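S.K.: Going down the list, the protein sequences come from chains D and X.
So the first sequence is numbered by the UniProt record's numbering: it starts at 1 and just counts up by one.
So the second sequence is numbered by the UniProt record's numbering: it starts at 1 and just counts up by one.
Please note: incorrect hints may appear among the correct ones.
Facing chain D, a subset of chain X residues (Cβ under 10 Å, in silico) [what the hints assert, rightly or not]:
1. 80
2. 93
3. 103
4. 109
5. 138
Listed next, the stretches of chain D that the computed footprint assigns to chain X, with coverage defined by at least 3 CB atoms under 8 Å from CB atoms of chain X [unchecked claim]:
6. 50-57
7. 116-126
Hints were generated in silico from the structure; no laboratory data involved.
Quick caveat, the model's predicted, so the values are computed rather than measured.
Note that the Cβ used here is the ideal one computed from N, Cα and C, for glycine as well.
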Amino acid sequence: MKLTVNGTEHEVDVEPEMPLLWVLRDELNIKGPKYGCGIAQCGACTVHVDGMAVRSCQLPVGDLEGGVTTIEGLGTPERLHAVQAAWVAHQVAQCGYCQSGQIMQAAALLDLNPEPSDAEIDAVMSGNLCRCGTYPRIRAAIHDAAQKLSEA
Amino acid sequence: MQKSVVILAAVSIAGAALAEGALTLPEEGSISRADGQAAFERIYEVVTHPRCANCHVGEDNIPMWSGPSYGEARPHGMHINAGESRIGAEFLPCQTCHVTSDDFDTAPHAAPRFGIAWQLAPVEFEWFGKSRAEICAQLKDPERNGGRDWRGLVEHLEHDASLNGPVAWGWSPGGDRDPAPRTLEEHVEDMALWGAAGQPCPTD
Ligand code: FES
Ligand code: FES
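Input sequences plus hints: build the corresponding full structure.
M.R.: Shown next as structure tokens:
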């Protein structure tokens, strides 16, 4: 079966029940999306499918419709996405394990809601667990990225 | 693997038995009031079952959770609010976790899924915590049931089930979840019996 990840088409020989996360990590060696729980409880595996945040551990690859973007395709080291730049500026990451999912979720949030309130940020980001408790920095960085995107 | 095959087979059997318009509807008036009331009682048991009522919630737009290890129904974890859109568009879209798939076989505690976009039912269809009289009045009120007469309600059930939507999923929810009582076919038949009896409600 064929799938497009970060603009590149790939051919994989897998069972349609295989979760997208397994395909990305084990078949395509794209290791940005992390495995945390496998049951939609943590958000570490978040990617975009046609721009919408999706927990890739939940999606059987046979049900994938649309192009996948992982953190590897969100920005480049030379040209960071506004959310990635804000994450660096605010030094959001602690251990880092959850952060690829946090950044993908935050980017999807700003796509739907360019000026989120604190309450809206909390409502959306509560599905992404951070055991290091970086939530105050996540919130600050999202406000910062929203500001930068509105100026762009 | 074997489990998923069994569940898929069950789903496709349900689908086949429920081809749209497959049920021959009884003549209006051919069912006694007592039989209609008995059918409503069974409908009530279905629609207030957690598999159905947990997403038929009121205007706070907060879905409910319940299950073998949860006890009493409680608000969905993770601070989830589906918004007035009822699909989560204002916050986190339901589909971020509840992906669209005809394969209902998910792990316990994973996000359940069905064949159409996961969402709350429209707010007028509020069932969670509602009484028999309230639900009966809502079900027969075209202003609050999507403009349907009793035949329309039967068609709605058959149509949703044919898409592997929540109506089909309620009886095959996967992940050790407790299915709705009896069978999908019996529920559709009860809707027809209640309708042909004139949709009698417990208070009238
Ligand atoms: S690994 Fe997908 S939500 Fe935890
Ligand atoms: S930075 Fe450690 S889990 Fe979030």
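S.K.: Would you mind marking each hint as holding or not holding in the structure?
M.R.: Results for each hint:
1. 80: 7 Å, holds
2. 93: Holds, because the Cβ-Cβ distance from residue 93(X) to chain D comes to roughly 6 Å (cut-off 10 Å).
3. 103: 6 Å, holds
4. 109: Holds - the Cβ of residue 109(X) comes within 10 Å of chain D, reaching about 5 Å at its closest.
5. 138: Violated. Min distance 28 Å.
6. 50-57: This one holds; 4 residues, not fewer than the three required, reach chain X with a Cβ under 8 Å.
7. 116-126: With 5 residues closer than 8 Å to chain X, the segment 116-126 of chain D meets the three-residue bar; holds.
This entry does not satisfy hint 5, going by the numbered hints stated previously; all others are met.
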